[in-house]
Amino acid sequence: MITVTNLDKVHNAGQKNKFIALSGINFTAANGECVILKGVSGSGKSTLLSLLGGMSKPTHGSVRIEGHNIAKLPDDKLSHFRLTTVGFIFQSFNLIDDLSFRDNVLTPTICLNISGEEREKRFLKACELANISSKESTLAKDLSGGEKQRCAIARALINNPSLIIADEPTANLDKDNTLYFIETMKKLKKLGKTILIATHDEIFEQSTLVDRVIKIQYGHIVS
Amino acid sequence: MNTVLLSNGVIALLFTETILYVLAFVAFVWGLKIYKNWNFESLASSQYLLEKKNYFTTTVIVFILGVKFVLLPLFAHIVDGLSDLVPGAMCGAGVISANDYGMPIFIIKLLVLFLGVCWSIANTIDLQNNYAYTKRKYELFFGIFILLTLEFLLQGLYFTHISLESPVMCCSVIYGASNSGSTLPLSLSPSTLSIAFGILFIMLFIALINKIKILSFVLGALFLYFGYYFVLHIVGIYVYELPTHICPFCMLQREYFYIGYLLWGSLFLGSFFSMAPLVLEGLIHQESKRSFSVAIFFNLLLAIIALYFIVGFYLKNGVWL
Numbered sequence: 001m002i003t004v005t006n007l008d009k010v011h012n013a014g015q016k017n018k019f020i021a022l023s024g025i026n027f028t029a030a031n032g033e034c035v036i037l038k039g040v041s042g043s044g045k046s047t048l049l050s051l052l053g054g055m056s057k058p059t060h061g062s063v064r065i066e067g068h069n070i071a072k073l074p075d076d077k078l079s080h081f082r083l084t085t086v087g088f089i090f091q092s093f094n095l096i097d098d099l100s101f102r103d104n105v106l107t108p109t110i111c112l113n114i115s116g117e118e119r120e121k122r123f124l125k126a127c128e129l130a131n132i133s134s135k136e137s138t139l140a141k142d143l144s145g146g147e148k149q150r151c152a153i154a155r156a157l158i159n160n161p162s163l164i165i166a167d168e169p170t171a172n173l174d175k176d177n178t179l180y181f182i183e184t185m186k187k188l189k190k191l192g193k194t195i196l197i198a199t200h201d202e203i204f205e206q207s208t209l210v211d212r213v214i215k216i217q218y219g220h221i222v223s
Numbered sequence: 001m002n003t004v005l006l007s008n009g010v011i012a013l014l015f016t017e018t019i020l021y022v023l024a025f026v027a028f029v030w031g032l033k034i035y036k037n038w039n040f041e042s043l044a045s046s047q048y049l050l051e052k053k054n055y056f057t058t059t060v061i062v063f064i065l066g067v068k069f070v071l072l073p074l075f076a077h078i079v080d081g082l083s084d085l086v087p088g089a090m091c092g093a094g095v096i097s098a099n100d101y102g103m104p105i106f107i108i109k110l111l112v113l114f115l116g117v118c119w120s121i122a123n124t125i126d127l128q129n130n131y132a133y134t135k136r137k138y139e140l141f142f143g144i145f146i147l148l149t150l151e152f153l154l155q156g157l158y159f160t161h162i163s164l165e166s167p168v169m170c171c172s173v174i175y176g177a178s179n180s181g182s183t184l185p186l187s188l189s190p191s192t193l194s195i196a197f198g199i200l201f202i203m204l205f206i207a208l209i210n211k212i213k214i215l216s217f218v219l220g221a222l223f224l225y226f227g228y229y230f231v232l233h234i235v236g237i238y239v240y241e242l243p244t245h246i247c248p249f250c251m252l253q254r255e256y257f258y259i260g261y262l263l264w265g266s267l268f269l270g271s272f273f274s275m276a277p278l279v280l281e282g283l284i285h286q287e288s289k290r291s292f293s294v295a296i297f298f299n300l301l302l303a304i305i306a307l308y309f310i311v312g313f314y315l316k317n318g319v320w321l
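Chains as they are written, first to last, in my numbering: chain A, 1 to 223; chain B, 1 to 321.
Derived contacts from chain B toward chain A, CB cut-off under 8 Å, selection only:
1) L43
2) A44
3) S45
4) Y48
5) L127
6) N130
7) Y131
30 Å max Cα-Cα, derived DSS-like pairs, lysine-lysine:
8) A:K57 - B:K33
9) A:K77 - B:K36
10) A:K57 - B:K36
11) A:K77 - B:K135
12) A:K57 - A:K215
13) A:K77 - B:K53
14) A:K16 - B:K36
15) A:K16 - B:K33
16) B:K52 - A:K18
17) A:K190 - A:K175
18) B:K33 - A:K18
19) A:K57 - B:K135
A few chain B positions that, by computed beta-carbon distances, are all more than 10 Å from chain A:
20) I11
21) L13
22) T18
23) K33
24) H77
25) K135
26) L154
27) S166
28) P167
29) I212
30) Y240
31) L242
32) I310
It should be emphasised that the hints constitute simulated quantities derived from the structure, not laboratory data. Note that the Cβ used here is the ideal one computed from N, Cα and C, for glycine as well.
With the sequences and hints as input, model every part of the structure.
In structure tokens form, the structure reads like this:
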């Protein structure tokens, strides 16, 4: 369960170039729900996702995930929260080019004290969910756009997070791969994962994947 | 200008200490603001700003205490090196007694180290418990800051008041064979001191294993007191292989493989970590289990090094000193 209350994010607060990125944001998302954050570039979607994913801290308000206000967590705990609770999928995938597909997917497990056997089990499971298995040793830079996306999904799933956050995940994909992405998200939703997607791609709204659309404009929720 | 102040080591030390003091002063001012306005339950922007400041201030304090930890042996090393300049001094023992500020500085530095250990443990516990002890942590830092101010002033006075004309007494005179009467605590003989220290070591070990805070504190303090004399009067003579050479500083020198740093370091840290749990109990009502393990590690290290020198000498020469 995600509960966002009176959330503000102000950049350069108290300075001349102060910028209000988000103001008075309130919403909730139940477990297993898929919520789309919609808005034009610069509306505050990515800022909201970064706050929900514990990548930055708000200026005011609270972000409660599974009962914990993550905005108040000390750094170590916040890192652990990101590692174990959130799976991130980025617009430009953010893979490490010179690592293989396998190593990219396994990167988030480095900080966890798990056995090689457990790591292998997780790798196979994540690849199965992302529907990719034959590219293990291929370097990330040699993967196609769709494969990179699947690699990014597998990496996001490797630690079995309860929350999936995707920021413009289909912006660099063609229609087929976009539909493929939506199908993968449907599978994850069936597994009870909460999914938050920031996008302005209309295709999501026509899909049965989405439970709710939140429109953001100039840092405010408008509908 | 006093030649002592032109020594490379002293310049480096005073420069570093000045930077650290400025940082400590900044941390103190910010700490006061945080202490005054801290309300973790608040979701207001002022509280979030304080949390950011707290993160930065804590990082600054960790840095200061970390560097202070390194500066203590450096101070001893620099003071030891000044024995070439100070007439009559053969090692740091003479230089430290060159004026009235030397010993108080050393004691304050040890106190800062002890409270620094307590603060570091309190900080770790505070972060593990979502800033539950932030205010108490700052109260402790304010106490440390007072000591840092005193140390900074005394250190300046110490280095500017070392006379290069009046000869000082050094270890050969202070502790030499000609010195009449026992310099050991409670007029103990060396063998009684060794037995007392051995019994203290075992009792402290049992207290630490069983995590008895009050006993660990009391025995840790006694261990520090008797340990000082034990290292100086018993272990030291086996390090120097000379029964008349009783000096805390010479063992820091290269000819003794800098073993003094390990001996004194393990004694101080072992005692401090033994005493810290009770202080933390009083301060934040929390137990630091790791503190007991760290204390056991350093106390055992001290015992192993001491035995290495004492038993090693006996095995090599067939006699006790």
